[in-house]
Amino acid sequence: MKRRSRFLLFMGVFGFVFLYAPILSLVIFSFNESKLVTVWGGFSTKWYGELFRDPQILEAAWISAKIAFLSASIAVVIGTIGSFVLIRFARFRSKSLLSMMITAPLVMPEVIIGLSLLLLFVALQGLIGWPGGRGMLTIIIAHSTFGAAYAAVVIQSRLVDMDLSIEEAAQDLGAKPVRVFFDVTLPVIAPALMSAWLLAFTLSLDDLVIASFVSGPGASTLPMVIFSKVRLGVSPDVNALATIIIGLVSLGIIVAALQMSRSKRSSAN
Amino acid sequence: MSEGNATPDAEPRADPWADPHAVPFLQVRNVTKKFGAFVAVDNVSLDIYKGEIFCLLGGSGCGKSTLLRLLSGFETASSGQIIIDGQDQEGVPPFARKTNMMFQSYALFPHMSVEKNIAYGLKRDGLPKAEIAARVSDMLSLVQMDQFASRKPHQLSGGQRQRVALARSLVKKPKLLMLDEPLGALDKKLREETQFELIKIQESLGVTFVVVTHDQEEAMTLSSRIGVMTEGRIVQVGTPHEIYEYPQSRFVADFIGSVNMFEGRITEDHEDHVLIGSRDTQTDIFVPHGISGVVGQQVAVAVRPEKVQISKSQLHDMRNTFTGKIDEIAYMGNSSVFQVLLDSGKRVRVSQSNRMRSNEDTLKWGDRVHVGWHDDAGIVVSS
Ligand SMILES: Nc1ncnc2c1ncn2[C@@H]1O[C@H](COP(=O)(O)OP(=O)(O)O)[C@@H](O)[C@H]1O
Ligand SMILES: [Mg+2]
Numbered sequence: 443m444k445r446r447s448r449f450l451l452f453m454g455v456f457g458f459v460f461l462y463a464p465i466l467s468l469v470i471f472s473f474n475e476s477k478l479v480t481v482w483g484g485f486s487t488k489w490y491g492e493l494f495r496d497p498q499i500l501e502a503a504w505i506s507a508k509i510a511f512l513s514a515s516i517a518v519v520i521g522t523i524g525s526f527v528l529i530r531f532a533r534f535r536s537k538s539l540l541s542m543m544i545t546a547p548l549v550m551p552e553v554i555i556g557l558s559l560l561l562l563f564v565a566l567q568g569l570i571g572w573p574g575g576r577g578m579l580t581i582i583i584a585h586s587t588f589g590a591a592y593a594a595v596v597i598q599s600r601l602v603d604m605d606l607s608i609e610e611a612a613q614d615l616g617a618k619p620v621r622v623f624f625d626v627t628l629p630v631i632a633p634a635l636m637s638a639w640l641l642a643f644t645l646s647l648d649d650l651v652i653a654s655f656v657s658g659p660g661a662s663t664l665p666m667v668i669f670s671k672v673r674l675g676v677s678p679d680v681n682a683l684a685t686i687i688i689g690l691v692s693l694g695i696i697v698a699a700l701q702m703s704r705s706k707r708s709s710a711n
Numbered sequence: 036m037s038e039g040n041a042t043p044d045a046e047p048r049a050d051p052w053a054d055p056h057a058v059p060f061l062q063v064r065n066v067t068k069k070f071g072a073f074v075a076v077d078n079v080s081l082d083i084y085k086g087e088i089f090c091l092l093g094g095s096g097c098g099k100s101t102l103l104r105l106l107s108g109f110e111t112a113s114s115g116q117i118i119i120d121g122q123d124q125e126g127v128p129p130f131a132r133k134t135n136m137m138f139q140s141y142a143l144f145p146h147m148s149v150e151k152n153i154a155y156g157l158k159r160d161g162l163p164k165a166e167i168a169a170r171v172s173d174m175l176s177l178v179q180m181d182q183f184a185s186r187k188p189h190q191l192s193g194g195q196r197q198r199v200a201l202a203r204s205l206v207k208k209p210k211l212l213m214l215d216e217p218l219g220a221l222d223k224k225l226r227e228e229t230q231f232e233l234i235k236i237q238e239s240l241g242v243t244f245v246v247v248t249h250d251q252e253e254a255m256t257l258s259s260r261i262g263v264m265t266e267g268r269i270v271q272v273g274t275p276h277e278i279y280e281y282p283q284s285r286f287v288a289d290f291i292g293s294v295n296m297f298e299g300r301i302t303e304d305h306e307d308h309v310l311i312g313s314r315d316t317q318t319d320i321f322v323p324h325g326i327s328g329v330v331g332q333q334v335a336v337a338v339r340p341e342k343v344q345i346s347k348s349q350l351h352d353m354r355n356t357f358t359g360k361i362d363e364i365a366y367m368g369n370s371s372v373f374q375v376l377l378d379s380g381k382r383v384r385v386s387q388s389n390r391m392r393s394n395e396d397t398l399k400w401g402d403r404v405h406v407g408w409h410d411d412a413g414i415v416v417s418s
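So the sequence lines, in the order shown, correspond to chains A and B. Residue numbers for the first sequence, in this note's numbering: 443 to 711. Residue numbers for the second sequence, in this note's numbering: 36 to 418.
The following block holds chain A by itself, in its conformation from the complex:
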């Protein structure tokens, strides 16, 4: 018994080390004094300073933030409408098919999503002259589509759990269906909307592959800039940047998880 638990402990520690050692070393080396990435030269925050003086990185960060913000917002709106229609109005048979289709982008290889969106944009431009060249707009559209798929999954699970009779109660008290949606449904699923937004935001911030496909000149996102920098050799300021991103992403995930568990608890009552 004791032997076994020690073995489990060992496996657990090993697993976590395996997962987090690379990240940890990255964080540690972002505070490295030395320019050599592999040699510790003492503690310093100079690479962070360097980072904030690099106009290319600052611009890319700003672009990424704008894209993530807008595409997450669009994704939540589309995801909400999609899941609402799916859960409340679709018939049983079509429901499972549609719900599978809406989640397909989750398992589709990113390369394929990127490529198909690129082809679509090119074709659209040929046909109707829109979206007028590739750049930020096309990235926003692309991120909205796959963000919406993730958002729909999160929102759907909340809608399924929701007690339908509270919507009926609102109607019974004299609220028309649209009112019911804004007075009752939306507030009840709000925590799910929040975590869906954070999820879509994080995914957009993270994405390299799809953005590379649909981006054009002048619209390089942060991951794209990092990737091109790293190809010329890893410099310590990239470590610093990565550390900041890790910090932000973890914060987002923690807040989203807290939101979800809080809403679960209050709806369980």
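In short, the hints are calculated from the structure, not lab data. In this text the structure is predicted, and so the values were computed from the model without any measurement. Some hints here could point you the wrong way.
[To be verified] Here are a few chain B residues that sit away from chain A, every Cβ distance over 10 Å (derived from the structure):
#  : residue
1  : D160
2  : K207
3  : E216
4  : T256
5  : F290
6  : H308
7  : S313
8  : Q349
9  : L350
10 : S370
[To be verified] Computed Cβ-Cβ distance ranges for the label pairs, DEER-style:
#  : chain 1 : residue 1 : chain 2 : residue 2 : range
11 : A       : V519      : B       : F73       : 47 to 53 Å
12 : A       : G689      : B       : K69       : 56 to 62 Å
13 : A       : I523      : B       : E232      : 40 to 46 Å
14 : B       : F286      : A       : S538      : 38 to 44 Å
15 : B       : K151      : A       : I696      : 29 to 35 Å
16 : B       : V74       : A       : L569      : 51 to 57 Å
17 : B       : F286      : A       : S536      : 38 to 44 Å
18 : B       : T111      : A       : G571      : 45 to 51 Å
Note that beta-carbon positions come from the ideal geometry of N, C-alpha and C, so glycine has one too.
Keeping the supplied structure of chain A fixed, place chain B with the ligands upon it in accordance with the hints.
Okay, now just chain B with the ligands, sitting in the frame of chain A:
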């Protein structure tokens, strides 16, 4: 919805259902509801009068909630007509109906305080703020929830939530309030207290109640009349007394309270009495009134356990007496229930109230006894 008729009409309290000229407040005419091929509500017709507490009583899944949902507009009838206060409700959506509903799950808005929950319906009517506040606080004190006005539903106990749900459904002064198993989530003691409170509230506001329940005791306590439902049909409508004392079918006799059922056939049919031969009894059962039946027809005689008498000596003043021996005794505190195995092999339940603390003539297990009932205690049911 806001005509403000809080005062109950001072109408004579004679039973309106016995008055052929009384106009029912709610009329359900041949209403059927099908879900696919499944018939959830089967050709139901009902007349419910103003000021009644009408209970729909039936087992789980018999279509009670579906019938309520038809009345409040959440389901559309496959056929038939529903008329409330003289208005055909066909095509009237739930938010436009002058009825309110207290949901089985209470369905409180989880993100709103108690106060906001109750005020919601009034806000939808666009009443002035001052009036809303006044009516909400009236309701809060009516259901004794004043101290909890700013709490959220998840900070309340089951009984408190039930009160909030009741207040929310009453605050618009609906003419017809539907309550779906309103006391289902409460424990026995709280439930009994609340039953009387419900009756008090109903009487003070003069609202017509339609209450769904599967609890026969609750139906007996609350209602002016009961409609007994099974498999989507209403099998009998009557006052609690009528339902208990004169059940019209084996199902109703069996469902309400407990009953001894003697299956048999009519052997003699006279103007003023009939005899029913049963394999369960040594001699024919005497029924002191004529019934609509023919000789040879299969019927059953239902006798309530508390109407059966038990004694070690001969029961002289009764025609329906049989012998047997005591098979089981259950002491229930206020009464004792005996299982008597008749010589015919039939088991009979006899219930006797324990008036004395001890009885020198105490009946014991295995005693040979006579059981019998007065002529009018048996009810003949043919369906
Ligand atoms: N929306 C629905 N679709 C299909 N069947 C339903 C639906 N609502 C209720 N039923 C069925 O109708 C029957 C009666 O349900 P209900 O009225 O809820 O019973 P209860 O008397 O317990 O309140 C049940 O067998 C239930 O499965
Ligand atoms: Mg029910």
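Now for the hints, and whether the structure bears them out:
1. D160: B/D160 is in fact no farther than 10 Å from some Cβ atom of chain A, at 6 Å.
2. K207: At about 7 Å from chain A, B/K207 fails to clear the 10 Å cut-off, so the statement is violated.
3. E216: 12 Å, holds
4. T256: 26 Å, holds
5. F290: 27 Å, holds
6. H308: 54 Å, holds
7. S313: Correct as stated: the minimum Cβ-Cβ distance to chain A is 49 Å, above 10 Å.
8. Q349: Holds, because the least Cβ-Cβ distance between B/Q349 and chain A comes to about 61 Å, which exceeds 10 Å.
9. L350: Holds: least Cβ distance 55 Å, greater than 10 Å.
10. S370: 40 Å, holds
11. A/V519 <-> B/F73: 47 to 53 Å: 38 Å, violated
12. A/G689 <-> B/K69: 56 to 62 Å: The hinted range 56 to 62 Å holds for A/G689 and B/K69, with Cβ atoms some 59 Å apart.
13. A/I523 <-> B/E232: 40 to 46 Å: 45 Å, holds
14. B/F286 <-> A/S538: 38 to 44 Å: Check passed, 40 Å falls within 38 to 44 Å.
15. B/K151 <-> A/I696: 29 to 35 Å: Cβ of B/K151 to Cβ of A/I696: about 31 Å, so the range 29 to 35 Å holds.
16. B/V74 <-> A/L569: 51 to 57 Å: 54 Å, holds
17. B/F286 <-> A/S536: 38 to 44 Å: 41 Å, holds
18. B/T111 <-> A/G571: 45 to 51 Å: 49 Å, holds
Violated hints, listed in ascending order, are 1, 2 and 11; each of the other numbered hints is respected by the structure.
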